[in-house]
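2 protein chains.
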Amino acid sequence: MAIKERKEREKQEMRNLIIESATQLFLKQGYDKTSIRSIADDIEYSPATIYLYFKDKDEIFYVIHENAFDILDKHLRQHDGIADPFERLGAIGRTYIKFGLENPDYYDLMFIMRAPMEQIKNEEKWKAGECAFGYLLTTLSECLEQKKIRPAELHVTAIMVWSFVHGLVSLYVRERMCILMMEDDATREVLYSSLDLFMANLKT
Amino acid sequence: MAIKERKEREKQEMRNLIIESATQLFLKQGYDKTSIRSIADDIEYSPATIYLYFKDKDEIFYVIHENAFDILDKHLRQHDGIADPFERLGAIGRTYIKFGLENPDYYDLMFIMRAPMEQIKNEEKWKAGECAFGYLLTTLSECLEQKKIRPAELHVTAIMVWSFVHGLVSLYVRERMCILMMEDDATREVLYSSLDLFMANLKT
DNA sequence: GAATATAATAAACACTGTTTAGTAAATGCA
DNA sequence: TGCATTTACTAAACAGTGTTTATTATATTC
Chain L
1 MAIKERKERE KQEMRNLIIE SATQLFLKQG YDKTSIRSIA DDIEYSPATI
51 YLYFKDKDEI FYVIHENAFD ILDKHLRQHD GIADPFERLG AIGRTYIKFG
101 LENPDYYDLM FIMRAPMEQI KNEEKWKAGE CAFGYLLTTL SECLEQKKIR
151 PAELHVTAIM VWSFVHGLVS LYVRERMCIL MMEDDATREV LYSSLDLFMA
201 NLKT
Chain C
1 MAIKERKERE KQEMRNLIIE SATQLFLKQG YDKTSIRSIA DDIEYSPATI
51 YLYFKDKDEI FYVIHENAFD ILDKHLRQHD GIADPFERLG AIGRTYIKFG
101 LENPDYYDLM FIMRAPMEQI KNEEKWKAGE CAFGYLLTTL SECLEQKKIR
151 PAELHVTAIM VWSFVHGLVS LYVRERMCIL MMEDDATREV LYSSLDLFMA
201 NLKT
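Just so you know, the protein sequences line up as chains L and C, in that order.
Residue numbers for the first sequence follow our numbering, beginning at 1 and rising by one.
Residue numbers for the second sequence follow our numbering, beginning at 1 and rising by one.
No lab work stands behind these hints: they were computed from the structure.
Among the clues, some could well be false.
[Claimed, not checked] Chain L side only, calculated, beta carbon under 10 angstroms to chain C, not exhaustive:
id	residue
1	M14
2	Q29
3	I36
4	A40
5	I43
6	F99
7	L101
8	Y135
9	M177
10	M182
11	D184
12	T187
13	V190
14	S193
15	D196
[Claimed, not checked] Using 30 angstroms as the maximum straight-line C-alpha spacing, the simulated DSSO-like pairs for lysine-lysine come out as follows:
id	chain 1	residue 1	chain 2	residue 2
16	C	K148	L	K28
17	C	K4	C	K74
18	L	K147	C	K148
Note that beta-carbon positions come from the ideal geometry of N, C-alpha and C, so glycine has one too.
Construct the entire structure; sequences and hints are all you get.
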């Protein structure tokens, strides 16, 4: 019965085709403008076909969402080698911000958008997200252990750090940094200087 | 020619009627579900009539957006009496967070949503927003003058502070704090503890 | 080869924001 | 007062959206 396996493979290939097209369109023109019909056009199938492979639009973007978390995770883990946890924390922070500025659409989908949240709240609660957040927790608990930062409850510290970098990126991504009335390059410099100041304040 | 004045008044009344209805619907069911047709239904006029008073949906929500900034501004200014700028800063922070948690839809419209941003970028650049941000700048420059906080460039410091509180509120409002896997009350407590920790780190 | 299961789609449904063409009432002027 | 003009309003349409249903053509099973 190799036919069933082939069918399964073909089904997965079709799902991949849809995800690839959706990702490409999404990164090119954003979530709202990526309609089911535009994906269907792109892969040269009818819109209804897409619903044979995905429950709804959210399910498609939940897969992209998961992929984005994998990419961020790879970026952050590249600092695993840094022995000093405080230095590692700084590197993670810079990389997080860099990821957000360079992949605003991914960042939006992961941490700002409301759309595919129904999926996220179910499933293995934040699977991918827990991973990156877990990495922050481990790094911070090392910092606390070695008294590199002010003693405080681990989760409170983690939320403080995450909120700060998320605030930086999300205000930038959603164009609220225009209040600075600076050129884009100057604005980005303020962001990174702001991270340096934050880290200086954090240090014991 | 009192007729012209009456007509002008009636026009303004109609605009107010639309805004009131839109605000009420928006706060009850959010931006996306507040359609032009639902507003029209509510005020018992045809959808096309609304377009005689507002250019498009964005223009309606830009007015609500402005009103929301007025409300936030009033909340923040209530701490004008606090003489010590560092204490005042803490009070402003708490009030900012409280406003966000208690008015998530207003907060969303003001600092997260993409929708009525076209309007904001034009007009008297951030008029209302500059006001609240300006208040933060004054308070922080007093803190710097009196050496209550670590010396640093004013705008860098302001962005650090704003990003942090915005991060807190926006992660909460867009339901990313569920990563803590805590009850809502406990999560809110973490937020406020996180503010306390941030302020402690900020202090010289 | 006939019966069944699978894959794909055209067309429709119920929405959305917005525009256009046409109607009825209020106003300005003689 | 009577007529022309401006104003206020709307029904209907347009071009989209996500999603569902009924139907057709193909592939698989027996």
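Problem set entry | Given pair status - C/K148, L/K147, alpha carbons within 30 angstroms | Judged against 30 angstroms, a Cα distance of about 24 angstroms means the pair holds.
For this session: Classify the hint on L/F99 as holds or violated, based on whether any CB of chain C lies nearer than 10 angstroms to its CB.
Result: Where the cut-off is 10 angstroms and the nearest Cβ of chain C is about 15 angstroms from L/F99, the hint is violated.
Problem set entry | Interface hint for L/M182, Cβ within 10 angstroms of any Cβ on chain C | holds, 8 angstroms
Exercise. Under the criterion of a CB-CB separation shorter than 10 angstroms, is L/L101 in contact with chain C as hinted?
Worked result: L/L101 check fails; min Cβ-Cβ to chain C is 13 angstroms, beyond 10 angstroms.
Exercise. Holds or violated: is there a CB of chain C closer than 10 angstroms to the CB of L/M14?
Worked result: violated, 30 angstroms
For this session: Mind checking the alpha carbons of C/K148 and L/K28 for me, to see if they're no more than 30 angstroms apart?
Result: violated, 46 angstroms
For this session: So, L/D196 near chain C? Judge it on the closest CB pair being under 10 angstroms.
Result: holds, 8 angstroms
For this session: Against chain C, run the beta carbon of L/Y135 and see if the smallest gap drops under 10 angstroms.
Result: Since chain C brings no Cβ nearer than about 12 angstroms to L/Y135, farther than 10 angstroms, the hint is violated.
For this session: Mind checking the alpha carbons of C/K4 and C/K74 for me, to see if they're no more than 30 angstroms apart?
Result: Measuring from Cα to Cα gives roughly 35 angstroms; hence the hint is violated.
Problem set entry | Per-residue hint verdict: L/I36, partner chain C, C-beta under 10 angstroms | violated, 17 angstroms
Exercise. Does the CB of L/Q29 sit less than 10 angstroms away from some CB of chain C?
Worked result: Not OK, violated: L/Q29 not within 10 angstroms of chain C, min 14 angstroms.
Problem set entry | Proposed interface contact between L/D184 and chain C, which counts if any beta carbon pair is under 10 angstroms | The hint is violated - L/D184 has no Cβ within 10 angstroms of chain C, the shortest such distance being about 14 angstroms.
In this structure, the earlier hints numbered 1, 2, 3, 4, 5, 6, 7, 8, 11, 16 and 17 are contradicted, and the remaining ones agree with it.
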